[in-house]
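Chains as they are written, first to last, in numbering that gives the first Met the number 0: chain A, 0 to 287; chain B, 0 to 779.
Everything labelled a hint here was simulated from the structure, so no lab data went into it.
We put the beta carbon where it would ideally sit given N, CA and C, even for glycine.
Among the hints, a few may not be true.
[To be verified] Here are some chain A residues pointing at chain B (derived, C-beta under 8 Å):
hint: 1; residue: A3
hint: 2; residue: Y7
hint: 3; residue: L43
hint: 4; residue: G100
hint: 5; residue: I104
hint: 6; residue: Q107
hint: 7; residue: R143
hint: 8; residue: P147
hint: 9; residue: Y156
hint: 10; residue: R170
hint: 11; residue: L174
hint: 12; residue: R188
hint: 13; residue: D264
[As the list claims (entries may be wrong)] In silico lysine-lysine, DSSO-like type, Cα no more than 30 Å apart, as pairs:
hint: 14; chain 1: B; residue 1: K54; chain 2: B; residue 2: K277
hint: 15; chain 1: B; residue 1: K277; chain 2: A; residue 2: K1
hint: 16; chain 1: B; residue 1: K713; chain 2: A; residue 2: K1
hint: 17; chain 1: A; residue 1: K27; chain 2: A; residue 2: K1
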Amino acid sequence: MKPAPFAYVRADTAADAIALIDEDPDAKFLAGGQSLLTLMNLRLARPARVVDIGGLGELNRVFDDADSVLVGATVRHRAFETDPLLRRLVPLAADAARHIGHVAIRNQGTLGGTLAHADPAAELPLVMVTLGATMYAESRRRGRRAIPAQDFFVSHYTSELEPDELLTWVRIPTLLPREGWGFVEYARRHGDFAIAGAAAVVGLRPDGTVERVRAGLLNVGDRPLLVSGGASMSGCRPDDELWRDLAGEWVRQANPPENADYVRDVARAALTRALRAAYDRAVSAGGE
Amino acid sequence: MSGSDTSWLGQSLPRHEDQRLLTGRGRFLADTARGCVHACFVRSTQAHARVRSVKTGSAAALPGVLAVLTAEDLGLDGAHLPMLHEPHPGFAEVTRFAMSDPRLPILASVRVHYVGQPIAVVVAESRHVAEDAAELVEVEYETLPPVLDPTAALAPDAPTLHAHLPTNEAARIEVGFGDVDEARRAAAVTVSDTLRIGRHGAVPLECRGVVARVDDRRDRVEVWTSTQIPHLVQQALCRVTGWARDEVRVAVPDVGGGFGTKANVYAEEVVVPVAARKLGRDIAWVEDRQEYLMSAAQGRDQVHHATLAVDANGRVLSWEDDFVVDVGASSLWTAGIIANTAIHLMGPYRVPAMRVTGRAAYTNKTIVAQYRGAGRPEACFALERCLDAAARRLGMSPEEIRRVNLLTADDLPYPRPIPYRDGVPISYDGRDYRACFDSCLEMLPRTVCDELRENYPEHDLGYGVATYMEATGRGPYETGRVRLLPSGRFEVATGAASAGQGHETTFAQVAADALRVSPDRIRVGNGDTDPVTYGVGTFASRSAVLAGSAVHLAATRLADRACGYAAMLLDTDAAGVVLGAGGFRADDGRVVDWTDLAAAFGPGGRLEGQPSLDELAQFRPQTVTWTMGVHAVVVGVHRDTGLTSVLRYAVAHEGGAEINPRIVEGQVIGGVAQGIGGALLEEFRYSPEGQPTSTTFADYLLPGMCEVPQIAVKHLYVPTAGNPIGVRGAGESGAIAAYAAIAAAVDDAVGGGDWRVTSVPIAPEQVRAAIARRSAAVAS
Ligand SMILES: Cc1cc2nc3c(=O)[nH]c(=O)nc-3n(C[C@H](O)[C@H](O)[C@H](O)COP(=O)(O)OP(=O)(O)OC[C@H]3O[C@@H](n4cnc5c(N)ncnc54)[C@H](O)[C@@H]3O)c2cc1C
C-alpha cells in the first residue's frame, strides 16, 4: 500500500496552483488527501505529480453574502459542523457533514475535494444539489466559469471539472424565512458511507401551507439524485402519511445498481424522515 | 526488600504492559526493523490457475532492488509447511478421523490456489521500491475454473484442487453415541435446518510481519515474528530448511493482537529467513492491511445440516448434524477445527443420542487457521438455533427449553461416551450449568426489553440467549522458566507468547505467590526460543492453564532450592528455614532475603560457584478442563432498514480460579465484540471468479465503539483440580455464543412467522424483507 512514484509540489496561491496544473496534464490537485491518497496507496490512481492545495489559506475562507454564503474550496468538512457562521447559514450542511467518516477525516477532507471527487454516496455533493449551489472553477485555458450544482455531477467519480480546472469557491444559497431542512441517512455503522440518505428543504407560505419542496437522495445511482414531480404538496399541510407517499413516489426515480429494492426501501425511509424534519423545522421557523 | 503476605492470585492488578503500550513505547515488529532491507511478496492475482512462467528480469533491474526470488532461487521448490495438529490415535480411531495434507507450496511455481498466495519475494532498499518491483514481475497464468463452494468441492465430479490428492476432502470425522434413530421415534417435535456461519476472522490492529537478521558470529539466523507460537514457527522452519534448532532463534516482540490468525505458521515466516541467509542481509517484511485482508488465515465458514428431536416437554432425545468446513486452499489446523466443531456440538445439555459427521473441504479461497473459538461458535450456533426452533414449535420459551436440558449439580461431573482429542474420555468437570444460566438471566432478564422499548421508537426489540461449552487448556505441555537475577529480582519466560493477553502481569502474579514477593519484582519476557528451548504457544485458551501452571511449578521449585541456599547462608539446616513475606527465616528468627541470596552468588560470595537459581518446569495436563457459559442479549432491529443494534449484553460463565479477574473480564468482552462482528458485520466475500472483495476496511466491517455496548460479565468460581493453580481457560468464551444469542434476539424482534436467522452475518436486507412480510401479513 505504497503509492507509485510521484512528484510533489506545493502551491502557494490559487493562481500558482492553476499555473502548476496547466504545465502538466498528468498532475492532480491534492487537497485533504482523504480520497486521493487512498487511491494512490492502492495504486488505483497514479498521478505523475501532485499539486498540493491543502494549505491554501485564501480558499479556506467563508463570506456571508446576503442571501448566499461563499465557501472556499479548502474549507474542511469539520468547519461545517463547528464554524458558527456556517452552522447558522447552512445548517443542512452542518447536519450532513457529521455523517462524513470520522472526525479525523473531517479535519482533513475539504469541500472542494469531496465535490471534485463526486462520489455518489458523499454527503456534501447532495447538500449542494439540494440547496442549488453554484461551483466556480478556474483554469488558465478557460478562465473562470460557474457551474450549477445540478449540472456539476456527471457520473461515478466524474464531475464537470476539466483536469486543469481548480474548484475555487462554492456559492450556497442560504435558507429563506419559513424554510426548513432535513437530512437523514442510514449506514451499516456510524461513519460508514450510507446505504442511502436524503436531504430536503421545505418552504411554507405565510399561511403555513407548503409552497415548495426540494429534495435529493444519495447513493442510489451514479450521482446525487434530485427528485421531483409527483403529487404536489403545494397548498397542503401534509401529515406523516402524505410525506411517506411522496417519498415512496420519489424513490422510484432511483435506480440503485445493487440490491435495488432494499436500497429504495432505505432511501424511502430516509426521505420520509428528511421531509418531515424539513417541514417541522419550517413550521417552527415561523410558517404559522 | 518488599515481601508479600498477600496472595497475588485473584487480584485485578493493572496490567504491567499497559504502561508501555499506552504511552507509545511498545516495540512491535515494525519497530524492530531498523537497518533492514525490505521484502514485498508477489502474490497470485488468480484464484485458481496454472503458472506458465514467472519473469523477474525487469523487476530485478529496477534500481534499489537486491533480489527477486522464486521457490527455485531459494531452494524451496516443492517445499511445504508441516501440519500443526494431529489428534491422538485413540481419538482418531473412535471418530474414524482422517485427514489429508494439502502440501501447499511455500512459494507457488506450478499452480496457484487462492488470490494472495505468495509466488515470489522482492527484496529491496525500501518497501516503496519493493512494491514498485513487485508490479514488474510478470506471472503468466493459465486460469482454471475456481471452486468456491465447499459442498460443491466435495461433489464427486468436482475438479481436484491439489494434484496429489484424490478428492478435495481435507478431513472427515464421525462422532456419535446412543441410538439416534430409535430415540427420534419418540419425538414430539423434530426440527431440521441448514445453518451457515460466514467466513470471517481475526483482524488485529497489527498485521503480520517478520524480521530476519543473520548472526554470522553465532552462525544462526534470528527471526522476529508477530506470532503466538514462536516454538512451532522454529520447528516448522527447521523442518522445511533442514536447519538445526540452534541455527534459528525465533523471538516475539510486542504483538498487536493474534486471535488465532497468528497461531499459525506462514510461508512468509520461512521465506524471509531463508532469503536473509541467502543474501546475507537483514530483511524485514511488514505486512500491510490489504495484504492481510487478502492472505492472512481466515476462519469459520461452515455449513451445518442439523436435526434435533425433543419430547413434549422439550427434552432432547437425539441430535444429528452433518457439517462441512471450508478450509480454503489449505489449513494446517484442519484437524483441530473439525474435531473442535464435532466435540462442542454436545453443548452443556443432557444429550442421550448424537450422530455427527463432519467434513472439511478445500476450495480456492484464502487459507484458514483457528480463529478464536475455532469450531465452537459454529457448533454452538447449530445447536442453539435448533433449540430455539424446537421451543417455538412446542410453544415453550427459549429459556424454558434450556432449563429443561441443562446439566445441574446432580448431573455433574458428566462423563460423555467419547474421548477428547487427546484420547482421554470426556468428562465435564463443572458444578451447575443451570445455575450459571439462571445467574445470567438475573443480570439481563427478558423484561429489560420492556424497559427499553420507549427509548427506541423506530426499533423492534428482541431478546436472545445462548449457552456454550469450551474445552480449554489442552496439552500436550507448556514450559515455564523462572530465574533469580543478580539484583534479587526475577525473570520469567514461557513458551506461551503474548499477543496482548497480559502475560507480563498474570505470570508475574503466579510466580509472585510461589516466591513470596511482590509482582513488581518479576519481569516476564515474551515468547523466545532462547530462554525456553521447547514450548507450544498461545491458543486454544491454554496459556493461563498451561503456562501459568508451568510458571507455578518452576517458581515453587526455585523457592524450595532457595531455602537450601538460605540455610547455607544462615548456617542452619534447610529443614528449619521457612520462606515467608520477609524472606527466609531460620528457627531462631534470623532472616536473609532474595537480595542477600542473589548477592551471595557473586565473586567471593558464600554461594560462589553454586548452581544458579534458575528453574525450568514443564506442565502436562491430564486432559482439558471445561468452561461453561451463557450469553444474553437485547437487540434493537430498525424497522425501516433491518439494521440491528446490540443494546444490552451479559455473560455469565463458570470459570476456574482467576489469576487476574479484570483480565478475564477483558478477554470475555473482547470475545463478545468479535462475536458481534461475526454475527452482524464481518465477512470475507469473494466474487464468482474467486477474487476477494473484502480487502479494505470499507468492505470488511469491524465492530467499533458504537456497535459494542457495555457488557456485563459474571464469573462463577468453580476451581478445577486439573492444574495446580485451579484455573480454567476463558480466552475464547466471549466469542462462542454471541452468534447464536444475537440470531435469537433478531428472531425475537422480527417476531413470529416462518422466517428465522439461519446464517451469519445477518443480512439487513433479509431482516428488512421479513419485517415487510410481517407488516403485509398484519395489514391483510
Ligand atoms: C475512512 C474514510 C471515510 C470516509 N467517509 C466518507 C463519508 O462517509 N462521506 C463522504 O462524503 N466522504 C467520506 N470520505 C471521503 C472524504 O470526505 C474526502 O475528504 C473527500 O471525498 C475528498 O476530499 P479531500 O479534500 O480529502 O480531497 P483529496 O482526496 O485531496 O482529492 C480528491 C479528488 O479531488 C480533487 N480535488 C481536490 N480539491 C480540488 C479542487 N479544489 N479543485 C479541483 N479538484 C480538486 C483531487 O485532485 C482528487 O481527484 C471518507 C474518507 C475516508 C478516508
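Hint check:
Among the interface hints, the one on A3 (chain A) holds; its C-beta lies about 7 Å from the nearest C-beta in chain B, closer than the 8 Å criterion. This hint is violated: Y7 (chain A) has a C-beta 14 Å from the nearest C-beta of chain B, more than the 8 Å allowed. Because the smallest distance between the Cβ of L43 (chain A) and any Cβ of chain B comes to about 11 Å, over 8 Å, the interface hint for this residue is violated. The beta carbon of G100 (chain A) comes no nearer than 10 Å to any beta carbon in chain B, farther than 8 Å, and the hint placing it at the interface is violated.
A distance limit of 8 Å between C-beta atoms decides the matter here; for I104 (chain A) the minimum to chain B is near 12 Å, and the interface restraint is violated. Annotation: interface hint on Q107 (chain A) violated; nearest CB of chain B at approximately 17 Å, more than 8 Å. At its closest, the beta carbon of R143 (chain A) sits 36 Å from a beta carbon of chain B; the interface hint therefore is violated under the 8 Å criterion. The interface hint given for P147 (chain A) is violated, since its Cβ lies 30 Å from the closest Cβ of chain B, which is over the 8 Å cut-off.
This hint is violated: Y156 (chain A) has a C-beta 14 Å from the nearest C-beta of chain B, more than the 8 Å allowed. At a threshold of 8 Å, the smallest CB-CB gap from R170 (chain A) to chain B is about 32 Å, leaving the interface hint violated. Nearest Cβ of chain B to the Cβ of L174 (chain A): about 27 Å, over the 8 Å cut. The hint is violated. With its C-beta approaching chain B no nearer than about 6 Å, R188 (chain A) sits inside the 8 Å limit, and its interface hint holds.
With its C-beta approaching chain B no nearer than about 6 Å, D264 (chain A) sits inside the 8 Å limit, and its interface hint holds. Of the supplied pair hints, the one linking K54 (chain B) and K277 (chain B) holds, its CA atoms being roughly 20 Å apart against a limit of 30 Å. A hinted pair counts as satisfied when its Cα atoms are at most 30 Å apart, and K277 (chain B) with K1 (chain A) qualifies at roughly 26 Å. Between K713 (chain B) and K1 (chain A) the alpha-carbon distance is near 46 Å, which puts this suggested pair outside the 30 Å criterion.
For a cut-off of 30 Å, the pair hint linking K27 (chain A) to K1 (chain A) stands: about 17 Å separates their Cα positions.
Violated hints, listed in ascending order, are 2, 3, 4, 5, 6, 7, 8, 9, 10, 11, 16; each of the other numbered hints is respected by the structure.
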